[in-house]
Amino acid sequence: VPRNYDPILHPFEVPREYTRALNATKLERVFAKPFLSSLDGHRDGVNCMAKHPKSLSTVLSGACDGEVKIWNLTKRQCIRTLQAHEGFVRGMCARFCGTSFFTVGDDKTVKQWKMESPGYGEEEEPIHTILGKTVYTGIDHHWKEAVFATCGQQVDIWDEQRTSPMCSLTWGFDSISSVKFNPIETYLLGSCASDRNIVLYDMRQSTPLKKVILKMRTNTLCWNPMEAFIFTAANEDYNLYTFDMRFLASPVMVHMDHVSAVLDVDYSPTGKEFVSASFDKSIRIFPVDKGHSREIYHTKRMQHVITVKWTSDNKYILCGSDEMNIRLWKANASEKLGVLAPREKAAMNYNQKLKEKFQYHPQIKRIARHRHLPKSIYCQVKEQRIMKEARRRKEQNRRKHSKPGSVPFVSEKKKHIVAVVK
Amino acid sequence: GEKLVLSELLQPIKAKSALSSVKKELNKVKQKKAVELPLSKEEAERVVREAAYVRTSKDVGKWQQVVLQNRRAEQLTFPMKQELVAVAPLEQVVSAWKARTPLEQEIFGLLHKTQQPITDPLLTPQEKASLQAMSLEEARQRRAELQKARVLQSYYEAKARREKKIKSKKYHRVLKKSKRRKALKEFELLRNADPEAALAKLEELEQLRMEERMSLKHQNKGKWARSRAIMAKYDLEARKAMQEQLAKNKELMQKVQVELPEEEPGDVPAEDLVAESVPTVPMDASGANPWMLGKPSGPAKEPEVQEDLGDVTEPAVAESKDMSEEEMSEEEALLQDFEQKRHIRRQQAASPELQGADKAEMVSELPEDISVHPICPEEQVSMGIDQPSPAQQEVLLLEQPSRVQTMEDVEAFASEECAEEQEIPVAAGAEKRVHQQQEGRAEDRQAKKRKAKKRRIISLQAVLAGKSQEIQCPSLPVAVEEEEGGIDQRGVITEAFAGDDVVADFRREKRKAEQAGKPQPVNLVLPGWGEWGGTGLRPSKKKMKGFLLKPPTAPPRKDQHLPHVIMSEQRNIHAAAHQVSELPFPFEKHQQFERSIRTPVGSMWNTQRAFQKLTAPRIVTRAGHIIQPISAENV
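Protein chains in written order, with UniProt numbering: chain G, 1 to 422; chain A, 1 to 635.
Please keep in mind that the hints were generated in silico from the structure rather than gathered at the bench.
Glycine is no exception: its CB is placed at the ideal position from the N, C-alpha and C atoms.
Treat the hints loosely; a few may be bogus.
[Unchecked claim] In silico lysine-lysine, DSS-like type, Cα no more than 30 Å apart, as pairs: (1) K272/G x K62/A; (2) K613/A x K355/G; (3) K211/G x K41/A; (4) K215/G x K415/G; (5) K144/G x K81/A; (6) K144/G x K315/G; (7) K272/G x K26/G; (8) K613/A x K330/G; (9) K613/A x K345/G; (10) K215/G x K58/A; (11) K58/A x K211/G; (12) K382/G x K414/G; (13) K345/G x K81/A; (14) K58/A x K415/G; (15) K613/A x K336/G; (16) K62/A x K54/G; (17) K290/G x K589/A; (18) K98/A x K114/G.
[Unchecked claim] If the Cβ cut is set under 10 Å, some of the chain G residues that face chain A in the computed set are: (19) K211; (20) N224; (21) R246; (22) S268; (23) N351; (24) K353.
This is chain G alone, in the form it adopts within the complex (with noise of 0.2 Å):
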């Protein structure tokens, strides 16, 4: 359509699109619906999840009973149920090609088992079981060679063809609660214990790298898949950390704003988001480059939160919680879904654009950031931002009645590490 771009023909320009942007964010906050649906059928609290690399809608749930359920996402169905330990399923993970998964449980095995459903008559069998002599608490397999790796007592690499581990890694004794492949530079591990350290490992020297010990335990932790060096741990503080594994005497940034215990977090597949699971019943989602969440999930339903899983195309979040049950959540949450025309699609980016761009003013900021809160998360903000400030005061006034230079300043990124361990 020709148009007359005078701009003595269109004035007002600014105002016009500030209105514009702040009814997009109103429309925005209308919009938010992010609960999608929930998928039931554990009968005992979630406690690990996995994503098949090659099924969008096919994600694998192993609940504390010991039964694993394979979910067809686009039916929100079960789509296959086994019993595969007894005791808790501590980890899965599935083979980077699709075909198998592994499960590790309190029983002290670890068990491959195949993809597809067994045929008629066929029984539900494991492909291989191996016994170990320690629990393990944790399982994660390499992204694309047939090695996986466990954790428990200690980091063991194994092939897939042996009953034996390729290595152990060890450095002190302690039980290990996660250990994570990098899936840039395959061969680097992270691992996070329950003394309170992350450590780091080369698998192709076999050989730890570095530990860096924080003040409290650390619960998972999580690589950057577009990132090589970036990883982010959950920590049993309430906050995130991301670091860089080149310079970890402090974090890149402390991710604050959960209210309990995180423990699990998972990045977005464009590496820009990751969401984290706490025990405070909620789930939120961090920018990478911000100290605070953009977005929080809760229900009333939803009890702790044990693990979350975000798809590999960053369109939805899912997250297993205590109460038995998989959620599925919108990674944005005001996003419509289905097929958009161009017209909408262009709309949807202009009105994003417009949002961008007036963000800084403040009845927009204001209807952007508010959210919902249940009352025990509220209150729980309300207090820990007092005790905050109780603490910066106090601080502040040791500082000033001492001796000047006494009470250093910390900065709050170093204000967590206690130490790094060559």
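With chain G fixed as given, assemble chain A onto it according to the hints.
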């Protein structure tokens, strides 16, 4: 040679101690340092770790550039690696796949039987053989032949199509006639060469004739008619039948033509008749008629009409006449003529500028008045006939409505004017328009009478001109009133809004704003301080002078030179709620921030391309596509 000195040779003879060698050894041992203790296990491991860490960080550090680039990127598209749809070669697919079901096996069996090729040069044995059989030269020749044939065919098709499209009856008639003649000639030849065959053909024709007779067709178009034409030469009866039929045909044709004059009285001259019934076709082709512009010129029409007349009689004549070579040539010439005409027409269409130029000339010939008016056909005709001067024409146009005006018309006129009064039109223009409309209406009625009166009107022009001025009076006053109303409108408005003088109000307001904006002097005078005070006593002038602080003059107002604007520089509290109070983080100067806000993004202020570029999203993902972690291959 070296010199030997005797003293060197004479060493003092000493007793060698037995322990000297041992001593030496001891000394040697003393000089050597002790081997260090091996490192403790922990320390050794630590060294290994450190080395490994340095190496690994270096390895990982190679991603630094990529990471920074992606962080800074305006737009990132995921998945980064576009999967290409790989087309597996057929051999691979076939070799990897085995026929299992009976249907598949059957199909495979068939394929094997016909020796369908599976491997790379996909050619059947037949194809191979044919490839080997034909040489390149031959193939080329054959191809050329085929091409030629195709081209010829397409030419013929195009020609046939073109001929089919020609609408001219005459052309077809002539064509048909030539065909008929050709058939006759052939028959003649056949009769000479093979009488029996000719007889058989005659019988066939007879059969056809019988069939033809059953259908009532009287035109000389069908097969039967053609056969009659052949017979006519030798058979008098046949000739008669032909003529009869033609006569009938002619009669029918005539009837169609007779229809037109029936409406008219017989004494009307032919020229007028045509002019009345077909007003768009001008009678005398003077250049003054703009309706002529798009049409073929008048003179070209006349001979055609004559020809038409000739054609009506022609068939009969032609049949009776002998087919001479002359006529043949004449008809061919006619056909050629048609061809040429078409050609010319096509050329004209191709060069519209030429036509345009012609038109311009024609227009320039027209009198100005006529070109301005929207013209009714009746007017045209009258103009064409009597060719009055512009002034006379004007008079004539004016007078026409008044002559045949009825009460109805006047009423309608008045109501229309009332409607127009409301919109306050430009008086003169409106008047003209109204007149024209009236004319149009009046003319419907007039048209019937006009034909009879036309001549008289022309002769009585002078008289009518005088009359018209008289009769204008009753119809015009309304228009005049309206005109006066238009002038008064302004007065009416001023009267209606007499109370509020907006301009003066604004001026006052501005003055007030100016006064308010001026800095006020500060009065620090304390009455009764240092002098007598009380009711009725005022502080002394000296004191007033000393304690009335005059502020420095304010900077000039920004609207100083803008008479229609008041610019207020006060902070608006209501707007402040929507304004940014402090500079947001990434910006370093407030100008930067303001600039970022000032440039509009929307499509109202930007071209489509710019709009798309400005609103491009940071991250683009494709629905239903798995985003794999970045890898060295797709960087």
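Hints, verified against the model:
1. Annotation: proposed proximity of K272/G to K62/A holds, straight-line Cα distance about 20 Å (limit 30 Å).
2. Of the supplied pair hints, the one linking K613/A and K355/G holds, its CA atoms being roughly 16 Å apart against a limit of 30 Å.
3. Straight-line distance between C-alpha atoms of K211/G and K41/A comes to about 18 Å, which keeps the hinted pair within the 30 Å bound.
4. At most 30 Å may separate the alpha-carbon atoms for a hinted pair to count; K215/G and K415/G meet this at roughly 9 Å.
5. Restraint check: the Cα-Cα separation between K144/G and K81/A comes to about 17 Å, which is no more than 30 Å; the hinted pair holds.
6. The straight-line distance between the Cα atoms of K144/G and K315/G is roughly 25 Å, inside the 30 Å bound, and the hint therefore holds.
7. For the given pair, K272/G sits about 25 Å from K26/G by alpha-carbon distance, which is consistent with the 30 Å threshold.
8. Distance check on the hinted pair: K613/A and K330/G sit about 27 Å apart at the alpha-carbon level, within 30 Å; holds.
9. For the proposed pair K613/A and K345/G, the alpha carbon gap of about 14 Å is at most 30 Å, so the pair holds.
10. Of the pairs offered as hints, the one joining K215/G and K58/A holds, with about 28 Å between alpha carbons and a cut-off of 30 Å not exceeded.
11. Between K58/A and K211/G the CA atoms are separated by roughly 17 Å; this keeps the pair inside 30 Å, and the hint holds.
12. With a C-alpha separation of about 24 Å, the suggested pairing of K382/G with K414/G holds against the 30 Å cut-off.
13. As the CA atoms of K345/G and K81/A are separated by approximately 23 Å, the hinted pair is consistent with the 30 Å bound.
14. As the CA atoms of K58/A and K415/G are separated by approximately 27 Å, the hinted pair is consistent with the 30 Å bound.
15. Taken as a hint, the K613/A and K336/G pair is honoured in the structure, with Cα atoms around 22 Å apart against an allowance of 30 Å.
16. For the hint pairing K62/A with K54/G, the CA-to-CA distance comes to about 28 Å; that is within 30 Å, so the pair holds.
17. Taken as a hint, the K290/G and K589/A pair is honoured in the structure, with Cα atoms around 22 Å apart against an allowance of 30 Å.
18. For the given pair, K98/A sits about 25 Å from K114/G by alpha-carbon distance, which is consistent with the 30 Å threshold.
19. The beta carbon of K211/G comes within 9 Å of a beta carbon in chain A, closer than 10 Å, and the hint placing it at the interface holds.
20. A cut of 10 Å between beta carbons decides the hint on N224/G: the least distance to chain A is about 9 Å, and the hint holds.
21. Hint status for R246/G relative to chain A: holds, with the closest Cβ pair at about 4 Å, below 10 Å.
22. Restraint check, S268/G versus chain A: the minimum CB separation of about 9 Å is within 10 Å; hint holds.
23. Given the 10 Å rule on beta carbons, the hint for N351/G holds: about 9 Å separates it from the nearest Cβ of chain A.
24. Against a cut-off of 10 Å between C-beta atoms, the interface hint on K353/G holds, since the closest Cβ of chain A lies about 5 Å away.
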